[in-house]
Amino acid sequence: MKLKQLEGYLGEVAAFKNPKVQLEQYPTTAHLAARVLYTAESTFGDIDGKAVVDLGCGCGMLSIAAAMMGACSVVGIDVDSDALEIAQENIEEFEVEEVVELMQASLCHEAASTGSLELDNQLVTPMKGKFDTAILNPPFGTKPGNKGIDVLFLQAACSMATGAVYSLHKTSTREYLVKKAESWGFECDVLAELKFDVPMMYKFHKKKAVDIEVDLLRLQPKRKQV
Amino acid sequence: MRLITHNMLKCHVKNCDNPDKQFPLRFKGAELEQVEAERNDEFLVRMIPRLDWRALLITTKELGIELPENIPEEPENDDAFLQALHTAILETHVKEGSMVCNGCSHEYKITKGIPNMLLAEHEI
Chain A
1 MKLKQLEGYL GEVAAFKNPK VQLEQYPTTA HLAARVLYTA ESTFGDIDGK
51 AVVDLGCGCG MLSIAAAMMG ACSVVGIDVD SDALEIAQEN IEEFEVEEVV
101 ELMQASLCHE AASTGSLELD NQLVTPMKGK FDTAILNPPF GTKPGNKGID
151 VLFLQAACSM ATGAVYSLHK TSTREYLVKK AESWGFECDV LAELKFDVPM
201 MYKFHKKKAV DIEVDLLRLQ PKRKQV
Chain B
1 MRLITHNMLK CHVKNCDNPD KQFPLRFKGA ELEQVEAERN DEFLVRMIPR
51 LDWRALLITT KELGIELPEN IPEEPENDDA FLQALHTAIL ETHVKEGSMV
101 CNGCSHEYKI TKGIPNMLLA EHEI
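Top to bottom, those sequences are chains A and B.
Residues in the first sequence are numbered from 1 upward in steps of one, following our numbering.
Residues in the second sequence are numbered from 1 upward in steps of one, following our numbering.
Here chain B stands alone, though its shape is the one from the complex (with noise of 0.2 Å):
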């Protein structure tokens, strides 16, 4: 799983409602694994405001990945932007370990880089 879409991962627990504390999931014993893709700047741009930023700042720091703390005015002008950009939701790949949520505990764990989101009958 990468970063990019950890970014739209709440948790989904009954009742569990807190928006600051449900989002994002926090990382446990995250083992990581960078693989590398085709940059594509035009993607990188238009995938900016669809990224929730204060969430990834938090998983970032937390995985100890580089990522700017602002965007720039014209991203698409700011190639050490894109690059830091790049590598950390696209080439960051969570292979195992589990996503925690802060607000009710819920562990989802990741297995071979396959989150789970599934939830037991009492928790739907």
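Extracted from the complex, chain A is given alone in its bound form (with noise of 0.2 Å):
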């Protein structure tokens, strides 16, 4: 499939009808989806016959996207109800359930002791190595309570996969990303540097819409040196 029949197709993908600010919930756009999924296929052969895993799947335009690109499997998983509810409605619109299978579940709780943000890991921990590539557009963090988010949500996806993680994130957090990769065993590759447009959604949006500096980044585990 070539980059623009795919976008094409991603653009029927339905959207958040009533999106939630606490969950970050912005659509991916099909411009963004159509490149990371094509990009992860034909330069690296990352999802054709493979197990994809789609962490904060939203109304899932990248488990979609994974599927149209040759997927074997996919599984994408988010917190959200009416969330997965579109998402159900796009899978069986695009005619993908044989590939792709959705789960509710939240990757993340408040740790009892300090109150901050931590990886349900008697969740996560059943999950590691079971996919090939992970594949994520997380909540950033910017809400009260999410601090962090974003790394928990990386750090569960290169648990999860053993190939490729494929995720996005704002271009401020490169270098603290690219250490934190480092401290798993993995090597942090930025692809390439994006703008995220997000329209004007909420209520306190006061901007028409706004470009975010987003990096699309592909940690891979380091190869063991011999």
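One or more hints might be untrue.
To be verified - Below, a list of computed lysine-lysine pairs in the DSS-like style, where the Cα atoms sit at most 25 Å apart:
| no. | chain 1 | residue 1 | chain 2 | residue 2 |
| --- | --- | --- | --- | --- |
| 1 | A | Lys179 | A | Lys147 |
| 2 | B | Lys21 | A | Lys128 |
| 3 | A | Lys128 | B | Lys14 |
| 4 | B | Lys109 | A | Lys128 |
Because the hints were derived from the structure by calculation, they are not lab data.
Mind docking these for me? Both chains are given alone in their own frames, and the hints should help you get the complex.
If you want it as structure tokens, here you go:
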């Protein structure tokens, strides 16, 4: 499938009806999703015939793109029932039920002692190494109580995938994430610098549209030195 | 939800930690649907070591799905085995029902094929 073709198809993926501010629900554009999945497959061969996990799948844009680029199995995980309902409709619309399934789960919870966010290890650890590739457009952690959620999602992705992780993060966090990736035994490359187009969706948005500088990162386990 | 995914779900309620009881989650009132999917042998063979075979046998028996007791020495050359595996883990969808933890009895509901792994405040 060609890039333009993929982007064309993905233009039909339905977005959030009533996006929730607290969950940072911003739709991943067809333009962006097409580029991420097209690159992941054509440059790196990380999608076709692979088991893929989409963390924070929302309405399923990335998951559907992965199915269209030949993934054998895609699991989209999200916390929100409303988003998952739309994702399910999209899956049926695109006739990818044989490949894409959804799960409602929260990857994180508040640590009892500190009150800050941590991964639900009892949920995430059993999924370790079950997938080949992880794709995600995680919440950035800009809402109260969500600080660090972007790092936790990335960490969960690195645990679940044996191969590559494709994730979108604010460019301002790049240095920090590269160091974090190293500490987990991963190399981290910036595949592209993008502008994430956030149109006026919420009441508190004053401008018509805002461009946030975002990095498309590709992480993979470091090769062991022989 | 397909069985390939059920095979990676453990009960994660706070303090529920008996490994024998919290996995696999036992199906209750499961409504199944077989959805045909293209078979990819390379994919199947690669997934085998990632499956908890003991748990998969327990679950498929519970649901009345055929699955060989043992993994053959050369699964890539065993067409019957691969077909049974493919049907069991990729074509068997649980649409409705729930998954129960044999340890703490927590029930995770499955609605329209989507398992709900969310917990109440006191269970986290």
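Going down the list of hints, with the structure as the test:
At roughly 18 Å between alpha-carbon atoms, Lys179(A) and Lys147(A) fall within 25 Å of each other, so this suggested pair holds. For the given pair, Lys21(B) sits about 20 Å from Lys128(A) by alpha-carbon distance, which is consistent with the 25 Å threshold. Pair hint Lys128(A) plus Lys14(B) holds up; C-alpha atoms about 20 Å apart against a cutoff of 25 Å. Annotation: proposed proximity of Lys109(B) to Lys128(A) holds, straight-line Cα distance about 23 Å (limit 25 Å).
Violated hints are absent here; each numbered hint is respected by the structure.
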